[in-house]
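Starting from the known structure of chain D, arrange chain P on it as the hints suggest.
Protein chains: 2
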Amino acid sequence: MTVGTSRKILLANRPKGMPNESNFKIIEERIPEIKSGEVLIKSLYISVDPYMRGRMSDAKSYAQPYKVGEPFVGGIVGKIVESKNDKYQEGGYIEGRLDWAEFNVSDGSNIRRLDPELAPISTSLHVLGMPGLTAYFGLLHIGQPKEGETVVVSGASGAVGTIVGQIAKLKGCRVVGIAGGEEKCAFLTDELGFDAAINYKSTSNLREALKEACPNGVDVYFDNVGGDVSDAVLTLINFQARIVICGQISQYNLEKPELGPRVAGQLLTKSALMKGFIVSDYAPHNKEGLTQLTKWIKDGHIQYRENMVEGFENAVDAFLGLFRGDNIGKQLVKIADE
Amino acid sequence: MTVGTSRKILLANRPKGMPNESNFKIIEERIPEIKSGEVLIKSLYISVDPYMRGRMSDAKSYAQPYKVGEPFVGGIVGKIVESKNDKYQEGGYIEGRLDWAEFNVSDGSNIRRLDPELAPISTSLHVLGMPGLTAYFGLLHIGQPKEGETVVVSGASGAVGTIVGQIAKLKGCRVVGIAGGEEKCAFLTDELGFDAAINYKSTSNLREALKEACPNGVDVYFDNVGGDVSDAVLTLINFQARIVICGQISQYNLEKPELGPRVAGQLLTKSALMKGFIVSDYAPHNKEGLTQLTKWIKDGHIQYRENMVEGFENAVDAFLGLFRGDNIGKQLVKIADE
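If you read the sequences in order, they're chains D and P. Everything in the first sequence is counted per the UniProt record's numbering, starting at 1 for the first residue and increasing by one. Everything in the second sequence is counted per the UniProt record's numbering, starting at 1 for the first residue and increasing by one.
Isolated chain D (complex conformation) (with noise of 0.2 Å):
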């Protein structure tokens, strides 16, 4: 039996635009007792994530609002340290939707088992875990790029965006991505192989650039920012084109909701669609997308960063610095040793 202290971030309140650090409140609690068909799991890697600061608000979403008072829930990566569950030996690893806790207890139902084998298990938390599905079903369901076609990707040096523009590439497209500095474009062109990048934060005319690095059009467009970015992209569309909407970032924290170019009237002398997804709505097709990742990594086929910061202490501001834009890759904490 495991005795001693688990600390726990729970969301104190609801942020009003930009989250901060007063929004979360750390405690510590008495590591609990598991029961019969429990286990105890130590915390190895916790995923901050986009999504999560949604879950901040009460507004209806597709996923439960997290509550005031009560955990932080994501994706985190830890070890079996107590089983009383035969699906699950100790000195095992997990992935799952977990409190953001330095210790969990789980009956079984929210995690996976990893093979340390296959992969390093942190990449259960990006390119071998949601955010390379998300890109991966996005892309290649919603976007379906065929040879020859232009991919524009937003947001492209973050964890889902990198895994998109390298599959875009393996489907013979031409790749563009958006990000916002140097340092990222540099990664995305040199390390990933996009074939052209842009810094929206030091391009004057964003619509001039992506004119000039999409010379025959948008066929995909593949957003996770909105706003100004995708206002620009959106003037460049093919006829017949696919807008993947993956995420917003750009919006998620204003006060007010912001008005834009209407956007129907584009669609429609396009012929174009634009679709939201979320990762779940294709959940029967897991196996086969985390095989075929799974095939590409092994491959070197696509390559990944991970940005990882050190220490539970250090778990908010990593999520808060998404906003900043500081992550290239995917931005990951690291709780313990493996």
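No lab work stands behind these hints, which were simulated from the structure alone. Do not take every clue at face value.
When chains are identical, the list treats them as one kind, so a pair holds in a single copy or across two.
[What the hints assert, rightly or not] Here are the simulated SDA-like pairs of lysine to any residue, each with C-alpha atoms no more than 25 Å apart in a straight line:
1. K256 x E208
2. K16 x G260
3. K67 x T269
4. K79 x R305
5. K79 x G91
6. K8 x R30
7. K146 x D281
8. K201 x L259
9. K171 x Q89
Just chain P, lined up with the frame of chain D:
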């Protein structure tokens, strides 16, 4: 050989904002002699359609803009009055995209034969023609309504909207129409069997009225209108809703594009689809569509109404009337007796 003159309507200049009579010019020409392979067609009915407003502008779109000084072109039903083409007999009826003129010459490539036994020949300009197929493909291929779902149609009393609503009823849906005027709304509910109709012109809070008419939310929105009306509908869409962008008549005559609420966030949280289209996207399915629509008409499952204006000289005003909301059902101009 037919001798005489034929009046023809030209685009005199491009409208800024709402078009008016001064954008058009009527000329009179000698009826040309036809050559081998050609037919001479006497116009009987002219179709006026909202999409033609788009062609009056020179903005890039799916349809080529009309050229200034050249004829208006649109759907016309006519009679072959002279034929030097084996496929078309004198006295036969045809439909095609032809000049807005009392007489047209065709080589047969831009017309189709009509069977007056099948249905009144004027229906080839609406329920058994472009607007009917537009309704059919847009609703069934994009909207994909399922039994028990709620379908909302804007511009519901027009040539496309009336068919959309009736097909949705045949598919077992709750159907709510949005139209401008009490008479139009009464027509929808009393004659076409819509479950509810909302007069957006007299409704102080469209969103509340829609909420009441759609107690289970909106699964399919077939949009002919755009603007504020669509803003209200979009707030009520359900998870995995389908939004069919067929027309945006509220926007066609704006001198400057207007801003509106951004829709991507709503599509994202609802995993919803928004798709623009033009009827020709589904051209390979035209036969299937026409066969089904003809059957529904013959079986009395689909009703239609024609709003008939008489006289070639009134064609322009009938077209302008589309933007005043004059018509209930299909707006036609009768040029000559059958």
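Right, here's what the structure says about each hint:
For a Cα distance limit of 25 Å, the shortest separation of K256 from E208 across copies, 21 Å, qualifies, whereas the shortest one inside one copy, 29 Å, does not. Taking identical chains as interchangeable, the C-alpha atoms of K16 and G260 lie at most 25 Å apart whether they share a chain (21 Å) or sit on different chains (23 Å). Proximity of K67 to T269 under the C-alpha cut-off of 25 Å is restricted to the inter-copy arrangement: shortest distance 19 Å between copies versus 43 Å within a copy. In the homo-oligomer, the alpha carbons of K79 and R305 lie at most 25 Å apart inside one protomer (22 Å), although the nearest pairing across protomers, at 70 Å, exceeds that limit.
Taking CA atoms no more than 25 Å apart as the test, K79 paired with G91 passes inside one copy only; the shortest distance there is 6 Å, against 85 Å between copies. For the homomeric pair K8 and R30, the shortest alpha-carbon distance inside one copy (10 Å) is at most 25 Å, but the shortest distance between copies (88 Å) is not. In this assembly of identical chains, the alpha carbons of K146 and D281 lie at most 25 Å apart whether taken from the same copy (23 Å) or from different copies (18 Å). In this assembly of identical chains, the alpha carbons of K201 and L259 lie at most 25 Å apart whether taken from the same copy (21 Å) or from different copies (24 Å).
Taking the shortest alpha-carbon separations for K171 and Q89, neither the intra-copy value of 40 Å nor the inter-copy value of 53 Å comes in at or below 25 Å.
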